[in-house]
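Asks: Chain residues, written in single-letter form:
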Amino acid sequence: MPADFNWAIGGEAGDGIDSTGKIFAQALSRAGRHVFTSKDFASRIRGGYTAYKVRTSVSQVQSVVDRLDVLIALTQRTIDENLDELHEGSVIIYDGDRTTMADVEIPDEVIGLDVPLKGLAEEAGGAIMRNVVALGAACAVSDFPLENLDSALEKRFGDKGSAIVENNMTAAQKGRDYVLENYDHEYGYDLECTDENYVLLNGDEAIGMGAIAGGCRFYAGYPITPATNVMEYLTGRIERYGGHVVQAEDELSAINMALGAARAGARSMTATSGPGIDLMTETFGLVATSETPLVICNVMRSGPSTGMPTKQEQGDLNAMLYGGHGEVPRFVLAPTTIAECFHKTVEAFNLAEKYQIPVYLTADLSLAVTEQTYPPEEFDMDAVEIERGKVVDEETVGEWQDEEGRFKPHAITEDGISPRAFPGTEGGVHMSTGLEHDELGRRTEETGMRVDQVDKRTRKVETAKEREPFEAREFGDPDAETLVVSWGSNEGAMTEAIEYLDEEGIDVRFLSVPYIFPRPDLTEAIEDAETVIVVECNATGQFADLIEHDALTRVTRVNKYDGVRFNADELAERIGAILADDTEVAA
Amino acid sequence: MSSNVRFTDFKSDAQPTWCPGCGDFGTMNGMMKALAETGNSPDETFVVAGIGCSGKIGTYMRSYALHGVHGRALPVGAGVKLANPDIEVMVAGGDGDGYSIGAGHFVHAVRRNIDMTYVVMDNRIYGLTKGQASPTSREDFETSTTPEGPQQPPVNPLALAFAASGTFIAQSFSTDAQRHAEIVKEAVEHDGFGFVNVFSPCVTFNDVDTYDYFRDSIVDLAETDHDPTDYEDARSRILDPGTEYQGILYREEDSVPYEESHGVDADMTDIPDGAPEDATDLVREFY
Numbered sequence: 001m002p003a004d005f006n007w008a009i010g011g012e013a014g015d016g017i018d019s020t021g022k023i024f025a026q027a028l029s030r031a032g033r034h035v036f037t038s039k040d041f042a043s044r045i046r047g048g049y050t051a052y053k054v055r056t057s058v059s060q061v062q063s064v065v066d067r068l069d070v071l072i073a074l075t076q077r078t079i080d081e082n083l084d085e086l087h088e089g090s091v092i093i094y095d096g097d098r099t100t101m102a103d104v105e106i107p108d109e110v111i112g113l114d115v116p117l118k119g120l121a122e123e124a125g126g127a128i129m130r131n132v133v134a135l136g137a138a139c140a141v142s143d144f145p146l147e148n149l150d151s152a153l154e155k156r157f158g159d160k161g162s163a164i165v166e167n168n169m170t171a172a173q174k175g176r177d178y179v180l181e182n183y184d185h186e187y188g189y190d191l192e193c194t195d196e197n198y199v200l201l202n203g204d205e206a207i208g209m210g211a212i213a214g215g216c217r218f219y220a221g222y223p224i225t226p227a228t229n230v231m232e233y234l235t236g237r238i239e240r241y242g243g244h245v246v247q248a249e250d251e252l253s254a255i256n257m258a259l260g261a262a263r264a265g266a267r268s269m270t271a272t273s274g275p276g277i278d279l280m281t282e283t284f285g286l287v288a289t290s291e292t293p294l295v296i297c298n299v300m301r302s303g304p305s306t307g308m309p310t311k312q313e314q315g316d317l318n319a320m321l322y323g324g325h326g327e328v329p330r331f332v333l334a335p336t337t338i339a340e341c342f343h344k345t346v347e348a349f350n351l352a353e354k355y356q357i358p359v360y361l362t363a364d365l366s367l368a369v370t371e372q373t374y375p376p377e378e379f380d381m382d383a384v385e386i387e388r389g390k391v392v393d394e395e396t397v398g399e400w401q402d403e404e405g406r407f408k409p410h411a412i413t414e415d416g417i418s419p420r421a422f423p424g425t426e427g428g429v430h431m432s433t434g435l436e437h438d439e440l441g442r443r444t445e446e447t448g449m450r451v452d453q454v455d456k457r458t459r460k461v462e463t464a465k466e467r468e469p470f471e472a473r474e475f476g477d478p479d480a481e482t483l484v485v486s487w488g489s490n491e492g493a494m495t496e497a498i499e500y501l502d503e504e505g506i507d508v509r510f511l512s513v514p515y516i517f518p519r520p521d522l523t524e525a526i527e528d529a530e531t532v533i534v535v536e537c538n539a540t541g542q543f544a545d546l547i548e549h550d551a552l553t554r555v556t557r558v559n560k561y562d563g564v565r566f567n568a569d570e571l572a573e574r575i576g577a578i579l580a581d582d583t584e585v586a587a
Numbered sequence: 001m002s003s004n005v006r007f008t009d010f011k012s013d014a015q016p017t018w019c020p021g022c023g024d025f026g027t028m029n030g031m032m033k034a035l036a037e038t039g040n041s042p043d044e045t046f047v048v049a050g051i052g053c054s055g056k057i058g059t060y061m062r063s064y065a066l067h068g069v070h071g072r073a074l075p076v077g078a079g080v081k082l083a084n085p086d087i088e089v090m091v092a093g094g095d096g097d098g099y100s101i102g103a104g105h106f107v108h109a110v111r112r113n114i115d116m117t118y119v120v121m122d123n124r125i126y127g128l129t130k131g132q133a134s135p136t137s138r139e140d141f142e143t144s145t146t147p148e149g150p151q152q153p154p155v156n157p158l159a160l161a162f163a164a165s166g167t168f169i170a171q172s173f174s175t176d177a178q179r180h181a182e183i184v185k186e187a188v189e190h191d192g193f194g195f196v197n198v199f200s201p202c203v204t205f206n207d208v209d210t211y212d213y214f215r216d217s218i219v220d221l222a223e224t225d226h227d228p229t230d231y232e233d234a235r236s237r238i239l240d241p242g243t244e245y246q247g248i249l250y251r252e253e254d255s256v257p258y259e260e261s262h263g264v265d266a267d268m269t270d271i272p273d274g275a276p277e278d279a280t281d282l283v284r285e286f287y
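Chains A and B, in that order, are what the protein sequence lines are. In case it helps, my numbering puts the first sequence at residues 1 to 587. In case it helps, my numbering puts the second sequence at residues 1 to 287.
Everything labelled a hint here was simulated from the structure, so no lab data went into it. Beta carbons: idealized from backbone N, C-alpha and C, even for Gly. Among the clues, some could well be false.
One side of the interface only, derived from the structure: several residues of chain A facing chain B at Cβ under 10 Å [claimed, not checked]: (1) Glu-122; (2) Gly-126; (3) Ile-128; (4) Gly-208; (5) Arg-217; (6) Ser-253; (7) Ala-258; (8) Gly-260; (9) Thr-283; (10) Glu-426; (11) Gly-428; (12) Gly-505; (13) Asp-507.
Using the sequences and the hints given, assemble the complete structure.
Replies: Written out as structure tokens, the structure reads:
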């Protein structure tokens, strides 16, 4: 694998860190390089510090590593925070004219490039462009053609007029020229360009795009980090396809609006994060027992309560699986990559309508806010198929009426799935309710019908298990003695960790599970393995509990709940340590 | 839209379990008449109800309907209407559903001004739970949970709607069948959010706000010189808690419903069996 290159910009909130990082990532993508970005790494010191990290290579990258080659430091603290990741030959670009950076301490063996970012930006047209000057300087260090950066600046500032774009290009040029004219280090970086065309997007955007592709036309939501981007993506886009986004007064309203739209017959969704899931749980049982198809997207963040709103965690699994009083089935899907956020969203809408069931679609923060490059073919719109399930029209509605011509929205059927009539369908008039009901949707407390309706709803899950390929994604060596199981965003880091472990002579089989409920039966794989390790970003091992329950066994748990995603090298190290301990015990 | 719909077409075959004499019978009859007289049919009507005695209305009427969770009927109605603007949406609730647990939604539904109708059966008591104070109960109204009375002033729902820039604010009395049906009909016909607070007496648990009380105290605006399009006139009456008005207190003549201001006119239920034709444009944006 050709060497990767790791770059970051750090400073204080309000320094334009995110948008600068995104411009550099875009430039790399436009140069035909793969990119993986990260902005969720935590401060080692205190809050207020923010950074954006880019890892790039000509081959696909899907995780972050603990190494930095070029760092744009707007504050001394940026350097302090990243000391562990800097190495001999790393480059720090900073502005020595900034009063706070006048006495900056550049670590030994690290190359410090003092560039008058603000001064050069002012020459180009305004101090606000100082970060772009820094990007130009970074291009000089990494031998990266400036035209790619120009192209990204055009994309970012194009709608603000050509003067702004040109000023920014001048700023970048000045940064680059300054480094070339004033320093003559051998940096040794060479960011090769290719002819590939990649798209660069994050998980929230992939979910939004998947929703439109998958026929979603109605979205109601209440802004919440880190799910807001789904709503922002859809706003202004879904309208082009005849859809609409409503910002509701709260999450209670959002899910009820989405429920109403779904009852009307639209593909409908809402997205939120943990605190919103708590509120939506009130209505969840109604959605499920009225057998309304609805996609509820939960972009997980660290809990409980307000928790750490901008930090990574996979702590809501139990809330989604068991949330709400009473017993009623629901599906839970957890895409494992950014591309899968797109595919699983399309699938979630199909599952919701085919089985007339609420579907939790859950991404975690790392997946949601990370940008990654893909070949555009990965998002093949021609491959999208929409299956609406048992929807009746005026011609077929008669098959589902009782002898008095009344429609049966909760008809007891062999596969558990009842017919669905949209309002406006003549002959399909019916009521649905959160009360236990008979086939017509009328309230009942009759013991036989109660049992029949519970069984019918449960039977939908059995039907789905028979009809749908709820499979795990497999990586590594299928015959390895060590089995690693994980879910959600850990897949990227884990697939790379497999390579590191391989270099140490450790073979691993890795199953990445995107279906939490219904989920694939891993019993055979578990029985075949000597050691089973379950990796997840929470403290208690909620997914490990499920695996132990399914396979009637005990597993080794690798948990992380400090608010930071797993890195590939960190995962390889922890798995290696477990296997070494096992060997010791065996010896 | 069928032209020969009778109001009984909106009646289901379920036997109401409301107490004999309950105001909700009259409230419901008026709703059915208003729907029929505005040319709606059960096939193209969606009724949403919440929880409480009022919540049962979806069962007794015949139309597409959802009997939802407590206090959240208005957002459900909004979702139905926006997903398919051809459907007539009527939301029904009680004073607990609308002004207590659902008060937050009420205010925002009013200011959103989606073209739908909201009928509140206000009996100033919690009937289904056997007689506790509601947000519209009198300050000294003694109940099992408020032995000394709530000792806090009742909510003025008309004022809440007015403060939230309501475009149609009305009040009726369930037993005055003709006036009640007329008022609900005007709410249905209004371009925007038509709100009607209906005095719908509870004969079992409320011995203060009774039929007799309302008969004796109601002032029908039709018999006054009230101009519902006059903002100041509306304000002085809405903020007068001492008088039980019947009629349209306020109507904004140039009300623009949400659907119109937001360009929501498509039937969202009709989608292709694949991604939209030009969906690849969405991918290109990410280059």
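Asks: For each hint, tell me whether it holds in the structure or not.
Replies: Outcome of the hint check:
no. : hint    : verdict
1   : Glu-122 : violated (32 Å)
2   : Gly-126 : violated (28 Å)
3   : Ile-128 : violated (25 Å)
4   : Gly-208 : holds (9 Å)
5   : Arg-217 : holds (4 Å)
6   : Ser-253 : holds (4 Å)
7   : Ala-258 : holds (6 Å)
8   : Gly-260 : holds (2 Å)
9   : Thr-283 : holds (5 Å)
10  : Glu-426 : holds (5 Å)
11  : Gly-428 : holds (7 Å)
12  : Gly-505 : violated (40 Å)
13  : Asp-507 : violated (37 Å)
Going down the numbered hints, you'll see the structure goes against 1, 2, 3, 12 and 13, while the others check out.
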